[in-house]
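Undergrad: When we follow full-length UniProt numbering, the leftmost residue of the sequence shown carries the number 1, and every step to the right adds one.
To be clear, the hints were calculated from the coordinates, so they are not data collected in a lab. Every residue, glycine too, gets a C-beta built ideally from N, C-alpha and C. Do not take every clue at face value.
[As the list claims (entries may be wrong)] 27 Å max Cα-Cα, derived BS3-like pairs, lysine-lysine:
(1) Lys-317 <-> Lys-297
(2) Lys-271 <-> Lys-317
(3) Lys-305 <-> Lys-317
(4) Lys-305 <-> Lys-271
(5) Lys-317 <-> Lys-158
[To be verified] Have a look at the derived ranges for each label pair, beta carbon to beta carbon:
(6) Ala-65 <-> Lys-297: 50 to 58 Å
(7) Gly-247 <-> Ala-368: 25 to 33 Å
(8) Gly-71 <-> Gly-178: 20 to 28 Å
(9) Ala-61 <-> Pro-296: 49 to 57 Å
(10) Ile-127 <-> Ala-40: 24 to 32 Å
(11) Gly-247 <-> Gly-71: 41 to 49 Å
(12) Ala-21 <-> Ser-269: 32 to 40 Å
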Amino acid sequence: MNAPTRPGEPIVVDVALGDRAYDIVIGRGLVAALGQRLAALRPGAKVAVVCDVTVAALHLAAVEAALAAAGIPCARVIVAAGEGSKSFATLERVCDELLAARIERGDLVVALGGGVVGDLAGFAAAITRRGLDYVQVPTTLLAQVDSSVGGKTAVNSKLGKNLVGAFHQPILVLADTGLLDTLPGREFRAGYAEVAKYGLLGDAGFFAWLEANARDVFSGGPAREHAIATCCRMKAAIVARDERETGDRALLNLGHTFGHAFEAAAGFSAKLLHGEAVSLGMVLAFRYSARIGLLPKTEAERVEKHLADIGLPTRVKDVPFRWPDADRMMDLMAQDKKVSRGRMTFILARGIGQAFVTRDVDPNDIRAFVASQLA
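Working from the sequences, and respecting the hints, build out all of it.
TA: Put into structure tokens, the structure is as follows:
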């Protein structure tokens, strides 16, 4: 079934990792029962909620009320909003505050926020007291469909994005789709890039459904929940097959090798949001795939049209920024964490829904392609 059996009933997706399996629960209004769920999962546990200042103003009171209703003691750790919080300095502060709050191994960290807070709080949980359990309560579309699932946690290095981190699976992901109602339009669009990614990498039928139903995904209701659940099912299946990204899981990086380089060039700032970088990167991956004869040019144009119609960047000139030259962009791509023995990994495509992983690319040809896109 692709939809709940009864209106209002949450959709539950299982992440099948043996004794570390967990549920992704998707639906509207789920935060109200968060305390009940945590009390059932970890009776007697204390909780520390990690969130940023923006999310704290919008959603922290509701989360704390849900925990209080279940009799769960709660501490709060609040960080600055934005990608800048994925730093060593902020990580150190979060770990110190967890320790100061006397969060012990049997207790829980709740990551309440988007991808930045999810990655940061998850990594802090992975290393504090050599490992605390944590729960993801994602508040952005990008986090609900992608970054909250699969246990990738990290902070950024000055040399690149997500280069210092750990695989540390949550024990629950609670995707309350009602939290997305407060999301600014630009943030929702950025998250939509990751939704489209799932169709582009492995489900042509889903991409066609998105082309027909994107407006309903944006307006909310069953189409939004269906889209989120479809993405989560795909990611859960990939993670169950390849938890540590030695094979299939690299497909989830469609658009990211190009995209992360643009993010790094923009200083991991609000000039270019992660989802916007992924949109640009996916278009470049399809455009390059067409350039080397893997797919018809019309397929790449279809990808570009859909993302552009949503309002996402699809050309370098769509982002008003003074980009570095092709050599510098190649340097940034070479710092990507998917580089193996000095060879860059690319996710290319033989068509919509037919992505594949390759290291068999000519760096000189990639450089010439990047130069052509920058021009």
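Undergrad: Take a look at whether the Cβ-Cβ distance between Ile-127 and Ala-40 falls inside 24 to 32 Å.
TA: Given range 24 to 32 Å: holds, Cβ gap about 27 Å.
Undergrad: Is Lys-305 close enough to Lys-317, meaning Cα to Cα at most 27 Å?
TA: Holds, at roughly 16 Å.
Undergrad: Can you tell me whether the CB distance of Gly-247 to Ala-368 sits inside 25 to 33 Å?
TA: holds (29 Å)
Undergrad: Between Lys-317 and Lys-158, does the CA-CA distance stay at or below 27 Å?
TA: holds (25 Å)
Undergrad: Looking only at beta-carbon atoms, does the pair Gly-71, Gly-178 fall within the given range of 20 to 28 Å?
TA: For Gly-71 and Gly-178 the Cβ distance comes to about 24 Å; the hint holds.
Undergrad: Given the hint that Lys-317 pairs with Lys-297, test it: the Cα-Cα distance must not exceed 27 Å.
TA: At roughly 20 Å apart (the allowed maximum being 27 Å), Lys-297 and Lys-317 satisfy the hint.
Undergrad: Is it true that the C-beta distance of Ala-65 to Lys-297 lies inside 50 to 58 Å, as the hint says?
TA: At roughly 54 Å between Cβ atoms, Lys-297 and Ala-65 fall inside 50 to 58 Å, so the hint holds.
Undergrad: For the range 41 to 49 Å, tell me whether the beta carbons of Gly-247 and Gly-71 fit it or not.
TA: holds (44 Å)
Undergrad: Given the proposed pairing of Lys-305 with Lys-271, does the C-alpha separation stay at or below 27 Å?
TA: Holds - the C-alpha atoms of Lys-271 and Lys-305 are around 22 Å apart, at most 27 Å.
Undergrad: Does the alpha-carbon distance linking Lys-271 and Lys-317 stay inside the 27 Å limit?
TA: Measuring from Cα to Cα gives roughly 13 Å; hence the hint holds.
Undergrad: Between Ala-61 and Pro-296, is the Cβ distance one that fits in 49 to 57 Å?
TA: holds (52 Å)
Undergrad: Quick one: are Ala-21 and Ser-269 within 32 to 40 Å, going by C-beta?
TA: holds (37 Å)
In terms of the numbered hints stated before, the structure departs from none.
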